[in-house]
Amino acid sequence: MTVGPQFRRVARFVSPADRGFAAVVYGGSILFALLIIGLFVELVLGSWPSIVAFGPSFIWKSSWDPITSNFGALPMIFGTVMTSLIAIVLAAFIGIMAAVFLADFAPRWLGQPLSFLIELLAAVPSVVYGLWGLFVLAPFMRTAIGPALQHVLGWMPLFSGPIYGGGLLTGGIILALMIVPTVTAISRDVLVAIPRDLREASMALGSTKWETAIRVVLPAARVGVFGACVLALGRALGETIAVTMVIGNRPEISASLFAPSYTLASVIANEFTEATTSIYISALIELGLILFLVSMAVNAVARFMIWSVRGSERV
Amino acid sequence: MTAVGAGELLATRDLGAYYGTRQAVADVTIAFRRKAVTALIGPSGCGKTTLLRCFNRIHEIGFDARVEGSVLLDGQDIYANDVDPMAIRRRIGMVFQRPNPFPTLSIFDNTVACAPKGLNHQGKMEAAERALRSAALWDEVKDKLRTSPLRLSGGQQQRLCIARAIAAQPEVLLMDEPTASLDPIATAVIEELMSSLCNEFTIVAVTHNMQQAARVSSVTAFMLADETGIGRLIEADATSKLFTKPSDRRTEDYISGRFG
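Residue numbers (the numbering used here), protein chains in the order written: chain A, 44 to 358; chain B, 68 to 327.
Hints were generated in silico from the structure; no laboratory data involved. Any given hint could turn out to be false.
What the hints assert, rightly or not - Label-pair distances were calculated between CB atoms; the ranges are: (1) B:Gln189 to A:Pro238: 33 to 39 Å; (2) A:Phe148 to B:Ile252: 40 to 46 Å; (3) B:Arg89 to A:Pro238: 45 to 51 Å; (4) A:Ala166 to B:Ala154: 16 to 22 Å; (5) B:Gly142 to A:Phe136: 20 to 26 Å; (6) A:Val167 to B:Gln189: 55 to 61 Å; (7) B:Lys184 to A:Leu128: 54 to 60 Å; (8) A:Ala166 to B:Lys184: 45 to 51 Å; (9) A:Leu128 to B:Gly221: 40 to 46 Å; (10) A:Trp253 to B:Ile252: 37 to 43 Å; (11) A:Ala340 to B:Lys184: 49 to 55 Å.
As the list claims (entries may be wrong) - Below, a list of computed lysine-lysine pairs in the DSSO-like style, where the Cα atoms sit at most 27 Å apart: (12) A:Lys252 to B:Lys184; (13) B:Lys102 to B:Lys191; (14) B:Lys211 to B:Lys184; (15) B:Lys191 to B:Lys209; (16) B:Lys184 to B:Lys102; (17) A:Lys252 to B:Lys191.
All figures in this text were calculated on a predicted structure; none of them were measured in a lab. Built from N, CA and C at the ideal position, the CB exists for glycine as well.
Taking the hints into account, I'd like the entire structure generated from these sequences.
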């Protein structure tokens with residue numbers, strides 16, 4: 044195709060302002076890619092001595108002994124996954140139900156201040172949650188919640204054993220509290236964005252408000268709500284200080300949710316200043332590498348699931 | 068036609084509708100001919116959609132919306148205190164301006180979403196086929212009942228919504244500008260469908276397309292907002308008469324295209 048001279052492009056970006064702007068936006072987005080790659084490379088380099096010394100068994104060994112320089116990450120991986128799992132199960136249920144209430148049921152005078160409060164909750168520093176967990180939740184866990192759960196469900200290994208107050212379940216509950224505002228706020232926004240005529244279609248067919256909210260609006264919003272949960276899960280996986288304060292900090296794997304445990308992030312925060320040998324430091328960095336990879340994997344899986352749901356809706 | 072006969076299936080008496088303190092519709096008294104299409108016409112903002120939404124109590128689900136006066140279904144006031152709006156909405160189906168199938172349900176599940184409860188699979192299948200045939204959609208979707216409705220064209224989606232409404236076995240079908248978002252060919256299909264459905268249902272359809280009203284309806288009601296923006300019923304008459312010899316000057320001005 045030939046183009047008349049009046050339409051022929053002289054250069055991709057004509058004015059200096061164009062070029063400047065292009066440089067800024069290109070640069071900004073490339074920076075993120077470089078950051079991720081740089082972070083990964085740095086983590087691999089730092090943990091190289093540990094990778095060489097322990098090999099892949101680092102991931103499934105459960106000893107963590109700085110004295111004999113014998114390190115395995117399994118208890119921390121277990122602790123991280125379990126606390127995050129407890130947190131997301133609790134937070135997803137409560138958060139989604141709260142979002143449904145705020146989007147479809149709350150009268151305006153109640154809904155707006157409540158939404159604002161929930162968003163405020165997300166801004167509370169995590170050390171404050173940790174303090175509350177340490178001084179209020181953990182004792183309450185030991186004296187009330189724990190014994191009650193054990194009384195009813197004690198026949199399951201999950202709820203057996205001594206109750207210390209701090210432990211997996213306490214850590215999970217603290218995490219749930221911290222991420223429930225994220226789940227609620229984003230889910231509410233997604234639910235509110237569902238077109239009104241879909242609600243009316245359901246109502247006009249004789250459904251109640253509850254049936255409409257649960258069977259029509261929530262399914263229509265499921266991709267966004269799922270995204271909210273993933274975002275929250277990402278925060279739970281990496282959350283450090285609040286969990287460190289209530290989880291008990293013992294690198295052990297126990298069937299009981301009342302038992303003390305440890306998370307990847309907590310070990311790094313607790314022990315980095317005390318790490319004396321280079322292999323110790325290297326092992327801690329390798330924990331960081333694992334946390335990095337787990338977070339990436341969770342996000343990738345979530346992204347993939349969102350794509351597949353969106354894809355199947357188009358087919 | 069404005070007199071309320073006891074034999075009518077659907078009628079209103081002194082109906083008024085409000086959004087908060089703003090009155091949108093006032094003093095509408097009309098009875099709808101059984102098993103016929105009645106068209107509600109009028110310029111934008113005359114309250115015809117609001118009026119329609121009072122007939123199945125869907126107006127009131129909006130924030131701060133309320134209704135006064137009465138709507139009679141089979142002689143019973145659907146706004147009486149002890150009436151369950153859900154039960155009313157199952158007897159009075161509605162089709163909306165834009166097709167709104169449930170996006171996460173299959174074509175089949177959409178159709179039987181509100182079919183009578185207690186049907187087994189076979190019963191549901193028969194109900195779905197019956198409704199889809201009535202909506203002139205069966206032949207186009209019978210091989211893909213389990214797929215998403217979002218792949219259908221706009222006209223097909225609208226017919227699916229009609230099938231969904233009639234699968235609930237209502238007596239009255241309300242249609243709020245059902246072809247407003249469709250192309251001329253899909254519009255023609257829906258109009259044909261309305262003509263055949265009125266053998267079975269009492270249909271009230273809002274349209275701002277006068278040709279459409281002339282084509283599909285046997286009775287036409289003309290609405291107009293007064294100086295204060297309150298929608299009022301100007302006249303209702305047999306469509307052929309209203310479009311040729313309207314009794315009100317304002318109706319004549321409107322249908323001859325002098326405003327609106």
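Against the structure, the hints come out as follows:
no.: 1; hint: B:Gln189 to A:Pro238: 33 to 39 Å; in the structure: holds, 34 Å
no.: 2; hint: A:Phe148 to B:Ile252: 40 to 46 Å; in the structure: holds, 42 Å
no.: 3; hint: B:Arg89 to A:Pro238: 45 to 51 Å; in the structure: violated, 24 Å
no.: 4; hint: A:Ala166 to B:Ala154: 16 to 22 Å; in the structure: violated, 46 Å
no.: 5; hint: B:Gly142 to A:Phe136: 20 to 26 Å; in the structure: violated, 47 Å
no.: 6; hint: A:Val167 to B:Gln189: 55 to 61 Å; in the structure: holds, 56 Å
no.: 7; hint: B:Lys184 to A:Leu128: 54 to 60 Å; in the structure: violated, 38 Å
no.: 8; hint: A:Ala166 to B:Lys184: 45 to 51 Å; in the structure: holds, 47 Å
no.: 9; hint: A:Leu128 to B:Gly221: 40 to 46 Å; in the structure: holds, 44 Å
no.: 10; hint: A:Trp253 to B:Ile252: 37 to 43 Å; in the structure: holds, 40 Å
no.: 11; hint: A:Ala340 to B:Lys184: 49 to 55 Å; in the structure: violated, 44 Å
no.: 12; hint: A:Lys252 to B:Lys184; in the structure: holds, 18 Å
no.: 13; hint: B:Lys102 to B:Lys191; in the structure: holds, 26 Å
no.: 14; hint: B:Lys211 to B:Lys184; in the structure: holds, 24 Å
no.: 15; hint: B:Lys191 to B:Lys209; in the structure: holds, 14 Å
no.: 16; hint: B:Lys184 to B:Lys102; in the structure: holds, 25 Å
no.: 17; hint: A:Lys252 to B:Lys191; in the structure: holds, 24 Å
Comparing the model with each numbered hint stated earlier shows that hints 3, 4, 5, 7 and 11 do not hold.
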